[in-house]
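S.K.: Listed below, chain by chain, are the residues.
Protein chains: 2
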Amino acid sequence: MKPDKILLDHGSGGKISHGLTADLLLPVFDNPALAMLDDGATLNVLGGRIAFSTDTYVVDPIFFPGGGIGDLAINGTVNDVAMCGATPLYLSVGMIIEEGFPMADLERVVAQMGRAAKLAAVTVVTGDTKVVPKGAADKIFINTAGIGIIPGNVNVSGANARSGDVVILSGTMADHGMTILTQRQGLVFESNLKSDSAPLNHMVADILRTGCDIHVLRDPTRGGVGTTLNEISGKSNIGIRIYEDRLPVKPAVTGICELLGFDPLYVANEGKLLAFVPADQADRVLTAIQRSPYGEDACIIGETVDEHPGRVFMKTRIGGERIVDMLTGEQLPRIC
Amino acid sequence: MKPDKILLDHGSGGKISHGLTADLLLPVFDNPALAMLDDGATLNVLGGRIAFSTDTYVVDPIFFPGGGIGDLAINGTVNDVAMCGATPLYLSVGMIIEEGFPMADLERVVAQMGRAAKLAAVTVVTGDTKVVPKGAADKIFINTAGIGIIPGNVNVSGANARSGDVVILSGTMADHGMTILTQRQGLVFESNLKSDSAPLNHMVADILRTGCDIHVLRDPTRGGVGTTLNEISGKSNIGIRIYEDRLPVKPAVTGICELLGFDPLYVANEGKLLAFVPADQADRVLTAIQRSPYGEDACIIGETVDEHPGRVFMKTRIGGERIVDMLTGEQLPRIC
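Top line first, the protein sequences correspond to chains G and E.
Everything in the first sequence is counted per my numbering, starting at 1 for the first residue and increasing by one.
Everything in the second sequence is counted per my numbering, starting at 1001 for the first residue and increasing by one.
What the hints contain is simulated information worked out from the structure, not anything from laboratory work.
This structure is a prediction, so every number in the text was calculated from the model and none was measured.
Treat the hints with caution; some may be incorrect.
Unchecked claim - Stretch by stretch, here's where chain E covers chain G in the computed footprint (C-beta under 8 Å, at least three residues):
id, region
1, 15 to 24
2, 82 to 92
3, 128 to 138
4, 225 to 233
The C-beta atom is built at its ideal place from N, Cα and C for all residues, glycine as well.
Construct all of the structure, not just a fragment, from the sequences and the given hints.
M.R.: Encoded structure:
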């Protein structure tokens, strides 16, 4: 039954939030660019193609090991534009600030944004600031939208996975999500967990520069690798098999996930990408990714399979096979 | 002294919010497109020019006579893109929804967005939905960003007002702001106040189609006509003189403004524009505006003057002259 109120699950990135998009938003804003449901829209303008994407950042806490809401807001949209195969160029920044928010914190957030924009080589060209009365918002929320140019020969989409592709993951899973969770819960571990918040556009440029036939680029943020692979398998109507023993997770993250009962497959990343490429070109792409400062742990985690189109399977460590389903609802609100 | 916390005034559109932009944001995101501080950025891409703009909508209440946050979020960004002289084409929508928000209200907001997008002939091509726990946001906030194409011969900017220009205002002042205020305060008047929320892109197209030499187009939203004229006089380094007896205000709005102590010159509009054009072409532009469904009350409210560059003056009804300054702080939080 359809709930009559918005639940945290509606913002999870899982089944319920996909349902909201499909049932409520797509019918109203009916158009082919939106219906692709890629990380951004691909638009034909001025005789070329641009990518256009947006994301709103509501992460709590706003500062955490490895970054903060400022760099997250820049990197997240840079990455969404890059996942369209585009070179991100320009960003907008829209801030909602709670009355009473410390000026020193705002300066820190803006400085993070400035450094992140410089690192990603993008320019913040337009913006808007709203202040709401105390209690009407929690600290600060930031929306960014981004524009990039798609080179003529690039054609990546979550719908383009093909038979014979392998699946490359650019590094370890769940670093961002578990960092936020442990910070928020006041859990202090010996480990040095930190967010993987990073711009991936230079890595994408290196991947495209190989000249290989790149089918899919996606960054597994909210909902994690498990959810993103489900989106790709559904949109490309193909099966995907991954291997549990190949999935890269830092030992400290594995430990905390086990302790708290989280599956790293579904925990958010903010500096990782999935690439689908033909098997015979995988080594070249993998090498390009591993050379990137954010890709040293990259590896092949699986491949497309012709059986069971639209489903994701995992070969477990003990040799079995299980379905990797899309989660229904929310594991971690305000994770990004 | 610089405050150590964010005040409502920082989001007012007045002097204090301009100070925040100038002191904190411009130095960090230093670039010529942002420094123009127009309603949107003008960007050279793919051999042409696009306009790119963003705005976040936090209006309270979310539904009001004449519209709601949904159509406001579409119209506001459509208008900001149009004020760059562009034809708005594509929008992004980023929503922050409070847990527990009624689904029926969300459906109503989305339906408003859909109708407004259709009316403005723009396409929502990408989006993002975040849900935050109850109490972390008040009901719903919506960010939109927009992209449009600027025709080759168009060159409008708040910095382009010139000696010999007249100032056209496309209709009555303060309808939106006073509607929100009376709704919020539970003030019920006999009058039928309603917001002027409307898309102005078709009006702008009609203006540009006259072939006249349009110098400035701006929509006087937050801060009203008084603030927007101050921005233009400052950026163009020219004096502006307006005439009190020419300023169009609906009688009901005048009455409520007087009752509550508001100056309609500083109250927000959401479906009006200011155009600066050479005096000898003003009649053609005025006629084009008056033919628009949202421009029937358009009139010439003043002109540029060479004395006192950067200042705005008003000839009062009783024949005196007073400075129209930019307000320091906030009259009405969450007005848009």
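S.K.: Each hint needs a verdict: does it hold in this structure or not?
M.R.: For each hint, the structure was consulted:
no.	hint	result
1	15 to 24	holds (count 4)
2	82 to 92	holds (count 3)
3	128 to 138	holds (count 10)
4	225 to 233	violated (count 0)
Comparing the model with each earlier hint shows a violation of hint 4 alone; every other hint is respected.
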